[in-house]
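4 protein chains.
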Amino acid sequence: MTQQDPRIHVLTTGGTIDKLYFDALSEYQIGESILARLLEIARVKLPVEIEEVTRKDSLELTADDRALIAARVAASPAERIVITHGTDTMTDTAAALAGISGKTIVLVGALAPARFSESDATFNLGMAFATAQIAPPGVYITMNGTVFRADQVVKDRAKGAFVAR
Amino acid sequence: MTQQDPRIHVLTTGGTIDKLYFDALSEYQIGESILARLLEIARVKLPVEIEEVTRKDSLELTADDRALIAARVAASPAERIVITHGTDTMTDTAAALAGISGKTIVLVGALAPARFSESDATFNLGMAFATAQIAPPGVYITMNGTVFRADQVVKDRAKGAFVAR
Amino acid sequence: MTQQDPRIHVLTTGGTIDKLYFDALSEYQIGESILARLLEIARVKLPVEIEEVTRKDSLELTADDRALIAARVAASPAERIVITHGTDTMTDTAAALAGISGKTIVLVGALAPARFSESDATFNLGMAFATAQIAPPGVYITMNGTVFRADQVVKDRAKGAFVAR
Amino acid sequence: MTQQDPRIHVLTTGGTIDKLYFDALSEYQIGESILARLLEIARVKLPVEIEEVTRKDSLELTADDRALIAARVAASPAERIVITHGTDTMTDTAAALAGISGKTIVLVGALAPARFSESDATFNLGMAFATAQIAPPGVYITMNGTVFRADQVVKDRAKGAFVAR
Numbered sequence: 002m003t004q005q006d007p008r009i010h011v012l013t014t015g016g017t018i019d020k021l022y023f024d025a026l027s028e029y030q031i032g033e034s035i036l037a038r039l040l041e042i043a044r045v046k047l048p049v050e051i052e053e054v055t056r057k058d059s060l061e062l063t064a065d066d067r068a069l070i071a072a073r074v075a076a077s078p079a080e081r082i083v084i085t086h087g088t089d090t091m092t093d094t095a096a097a098l099a100g101i102s103g104k105t106i107v108l109v110g111a112l113a114p115a116r117f118s119e120s121d122a123t124f125n126l127g128m129a130f131a132t133a134q135i136a137p138p139g140v141y142i143t144m145n146g147t148v149f150r151a152d153q154v155v156k157d158r159a160k161g162a163f164v165a166r
Numbered sequence: 002m003t004q005q006d007p008r009i010h011v012l013t014t015g016g017t018i019d020k021l022y023f024d025a026l027s028e029y030q031i032g033e034s035i036l037a038r039l040l041e042i043a044r045v046k047l048p049v050e051i052e053e054v055t056r057k058d059s060l061e062l063t064a065d066d067r068a069l070i071a072a073r074v075a076a077s078p079a080e081r082i083v084i085t086h087g088t089d090t091m092t093d094t095a096a097a098l099a100g101i102s103g104k105t106i107v108l109v110g111a112l113a114p115a116r117f118s119e120s121d122a123t124f125n126l127g128m129a130f131a132t133a134q135i136a137p138p139g140v141y142i143t144m145n146g147t148v149f150r151a152d153q154v155v156k157d158r159a160k161g162a163f164v165a166r
Numbered sequence: 002m003t004q005q006d007p008r009i010h011v012l013t014t015g016g017t018i019d020k021l022y023f024d025a026l027s028e029y030q031i032g033e034s035i036l037a038r039l040l041e042i043a044r045v046k047l048p049v050e051i052e053e054v055t056r057k058d059s060l061e062l063t064a065d066d067r068a069l070i071a072a073r074v075a076a077s078p079a080e081r082i083v084i085t086h087g088t089d090t091m092t093d094t095a096a097a098l099a100g101i102s103g104k105t106i107v108l109v110g111a112l113a114p115a116r117f118s119e120s121d122a123t124f125n126l127g128m129a130f131a132t133a134q135i136a137p138p139g140v141y142i143t144m145n146g147t148v149f150r151a152d153q154v155v156k157d158r159a160k161g162a163f164v165a166r
Numbered sequence: 002m003t004q005q006d007p008r009i010h011v012l013t014t015g016g017t018i019d020k021l022y023f024d025a026l027s028e029y030q031i032g033e034s035i036l037a038r039l040l041e042i043a044r045v046k047l048p049v050e051i052e053e054v055t056r057k058d059s060l061e062l063t064a065d066d067r068a069l070i071a072a073r074v075a076a077s078p079a080e081r082i083v084i085t086h087g088t089d090t091m092t093d094t095a096a097a098l099a100g101i102s103g104k105t106i107v108l109v110g111a112l113a114p115a116r117f118s119e120s121d122a123t124f125n126l127g128m129a130f131a132t133a134q135i136a137p138p139g140v141y142i143t144m145n146g147t148v149f150r151a152d153q154v155v156k157d158r159a160k161g162a163f164v165a166r
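Protein chains in written order, with the numbering used here: chain A, 2 to 166; chain B, 2 to 166; chain C, 2 to 166; chain D, 2 to 166.
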């Protein structure tokens, strides 16, 4: 609320949030990001730029991919960064971003694809947008109704939820 | 993130966010709050208490209603308060809450009913939950993708959006 | 299945099925028909032509409106006609269509707007499309999971459902 | 419309229509059938009995499974049968049902899971219910907006659609 520059830079990397279902293959794949559509439905009026960096399940992200994501964040003119990301290695990518100063960076994903009628994607994105606007610089994860510092959270696969550690 | 008490107290007052459509009357009415269902879909794991205070279009809220809402907020043991509210007089209720100290209070609503397949309700609620967790004490409004200080925003009915003033 | 001409001519007249919600007015209005979008989601591959005749709540339809609807049906080159219509006077319009021979005409609407995430609109439309294809010439109403002959059904407003009479 | 017994017996066998997404496994699986919920949303008032026969992708259905499905259909006291089924081998199961006389049997599925906000499931089910009520005894498939005789249709995987043959 006190930042000079209101724009939010959204980087998409893939993950469950953008999964489609292809009947011809009887499997899901990660599709073109549905982010722009979700922000339109949410009637977001802030200036937002959406950029695709990768389109991968987060288990397939490599060290090079994480370096690319970090480079894009560092190079962004925006101070507020939202990154959509698969949930399984979200904390690894967060660690790769920890050295970037002066930016509020929020990683966010979904436990059910955004294209499902019942998904956590939109709520999580709302948390990410608010956090990007008002949290001090640092790296955050917004999942399961909670704003976590990225270095204080783990995904508990058995529970299907992010929990503080 | 630094607060001792993670619980969020949600007060519902009515408004578009909870509107139903009654065919027998061919009109919209405000129904039982859909909040609990939305938080379940969002897989919110924080402790949340939901309490109905009123069930009104915000144009019908009286000074007594606002006094009641303020009394409930002041009496709440929680430090994080989310209030769902009709959008037309949201800033009036915010003004009635301005004197309450030590709590982060977020008013939130929707421009389309949450029961619509395309509504801003869930995204707005996500913003409200994040703001309640991380903003300093004060009164906020989270609409149109933006976290506003409640005394620095107006609803522009012609635009159908909240804008900074 | 035995008809030579597979095309379906859809006439839209308004009604709850196409109701929008306008926050600026805190009321609903009948919007541009959502039919084409629903048929796209349903992956309908038959040739379909959609034509707007009126855009009214069915309680506001006049004798002239019904004459216009009947004229459009009679003039249509298609043998399979689907008419989307408000539910309150659906049987009146059906009566005005009773004299048209050689066509299978199905009136259909919804008890909740199609834009709601939980609406009967899509199921009802599916029934209408099947009935238009396979029922003998005549006038039908497809609501509440049932294919009714139009002269053997009434809307029971208290029950919020169509029932045989 | 002329049948004495209005009840519809729904047999569920699995398929895309009932697919869930399990984040813990990063894959889709077939869940408990969502049929009852879809019929509730559609405000179906006919007597309906829902019975699970199998819960499989249709590529995994065996000859024994098809014999079981046929036995359940033959033993059903209902004259109107709807079978939800994966799309890949729907015509094979239809062939196994061809010898059953005196019943109107409709196979139906979806090309996108019913739990997606944009799925053909509900429209297809509406077609199936109408067809079960008004088509003469025989075996039918209702997909892609069309009522097919089951022996006159194939799934074109490249097109992702059912087409007449």
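Please keep in mind that the hints were generated in silico from the structure rather than gathered at the bench.
Careful, some of the hints might be misleading.
If several chains are the same, the list does not tell them apart, and a pair holds so long as it fits within one copy or across any two.
[Unchecked claim] Below 27 Å or equal to it, Euclidean Cα-Cα: the simulated DSS-like pairs (lysine-lysine) are: (1) Lys160 / Lys104; (2) Lys57 / Lys104; (3) Lys46 / Lys160.
Checked hints:
1. Lys160 / Lys104: neither (31 Å within a copy, 31 Å between copies)
2. Lys57 / Lys104: For Lys57 and Lys104, the Cα distance is within 27 Å only inside one copy (25 Å; across copies 41 Å).
3. Lys46 / Lys160: For Lys46 and Lys160, the Cα distance is within 27 Å only across copies (11 Å; inside one copy 35 Å).
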